[in-house]
Amino acid sequence: MPFDTPPPSDATERVALPGPVLQRLTGNDLVSRGSVNVISIKSIRQWAGEWWSQKRGDVWTYVELKLNEHLDRQDMRARISDSEFLIAMNHDQGLAAQATSVKILEDVLTHLLGSASPMDLGIRSVVGIEGGEAVCKPIDASVVLAARARRDSARSPVRVAVDPADESRRTPVAFTTAGGAALRVDFTLEHVVSLRRNVTTAVRIEPMVTHLASGRQASARALTKLSDRDVAFIDESTLKYAAVFARSAQGPNTPELILPASFRTLGTQRGRDLLTGTAGLSLALLRGGVQIELVDVTRGTPAGRLLEVVGLLRALTRGVIARVPPDKEALRVLRDARLAGLALDGSDLSGEAAKIAMDIMAFGRDSRGLAPMTILQGLPQEGYFAAADTAGLTHASLRANYPLAKQAAA
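The sequence shown runs 1 to 410 under this note's numbering.
Certain hints may be false.
Unchecked claim - For lysine-lysine, the following PhoX-like pairs were computed, each having C-alpha atoms within a straight-line distance of at most 25 Å: (1) Lys225 - Lys328; (2) Lys66 - Lys137; (3) Lys103 - Lys42.
Keep in mind that the hints were calculated from the coordinates and are not lab data.
All values derive from a computational prediction rather than experimental measurement.
Using the sequences plus the hints, can you model the full thing?
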């Protein structure tokens with residue numbers, strides 16, 4: 001199918017599939033998960049012109065080389081036409097699968113044409129199988145390229161449909177604690193990057209709490225000492241801020257939204273009613289793309305109560321992530337919780353570089369097999385991404401120093 005005139009984003013195209021390919025795509029959830037894409041090398045065919053019939057064998061061989069380099073052995077790859085290849089990935093979906101397709105095509109175009117213009121990155125997502133054909137939607141490669149960014153920006157995929165004025169009305173918020181301290185909460189976003197695919201697969205909300213009298217930012221440890229009422233106020237403000245982005249985090253082709261909240265709040269019926277009752281956070285949106293991060297799970301958290309609360313939240317949302325301290329004992333209560341992820345926050349790591357590295361490696365070892373996602377979040381610098389990868393973690397994120405609005409004003 002041609003890519004000369006990009007169709008509207010909601011347009012679909014059909015591509016005929018060979019019988020063996022069609023058979024392998026039926027009876028599984030690869031298409032519904034957004035794990036199947038078609039890449040086009042039409043720009044190379046156009047460049048070759050009348051020489052294409054002589055050069056295409058070498059081009060196909062190089063494409064297959066790159067497919068083997070970036071895909072796992074069990075992933076499916078097949079040439080389905082003179083200039084199109086279908087890729088079906090078993091372990092990646094949505095943006096992660098699209099990012100792999102873009103990377104493969106970038107490598108091919110750069111090697112054969114000397115550059116890879118976004119206009120030449122012909123990628124389509126297979127959204128259905130009908131009558132022996134793949135129903136495809138074109139992918140905007142610029143969105144995938146923007147999702148590679150380590151930090152939040154105006155081009156972040158989750159911001160595509162967000163009104164900045166709506167966001168600015170919900171951050172910052174100020175309140176006075178039960179103890180009389182005046183606090184301000186600024187909200188910012190972290191890109192949670194897949195270490196394997198180098199693309200943002202989730203965006204995490206980070207509340208930054210500042211003590212107004214001293215101007216100091218409160219640590220996560222200090223926040224746990226606040227009263228239940230004060231913690232609930234921060235959680236409620238987080239929910240209201242999250243509502244701005246929830247609609248942009250739906251479906252496999254956009255990053256999911258990670259929403260941190262206290263176990264103390266969501267462990268109560270009132271807290272869960274607040275979750276589903278916040279304007280802009282409908283049950284459909286929560287289930288479609290929002291994950292809850294329980295921020296205060298420790299070795300003292302009652303295992304039975306935790307399992308009960310996680311089960312209730314899993315029914316309301318896309319999944320539940322537990323943020324844990326660098327403490328092996330804290331992981332023991334999580335073995336049967338069926339969590340979507342485990343997170344270790346950079347603010348919980350201290351000491352010399354060697355000690356931090358040991359803590360990261362220990363977290364990777366102790367968390368293995370407990371959840372599909374293991375995240376090292378809130379990192380002060382990108383160098384820790386390598387440590388997270390070495391430890392076997394799946395994701396990492398950099399802590400945003402300021403909310404985006406303040407960065408723009410600076």
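We went through each hint and held it up to the structure:
no.	hint	in the structure
1	Lys225 - Lys328	holds, 22 Å
2	Lys66 - Lys137	holds, 23 Å
3	Lys103 - Lys42	holds, 16 Å
In this structure, none of the earlier numbered hints is contradicted; all agree with it.
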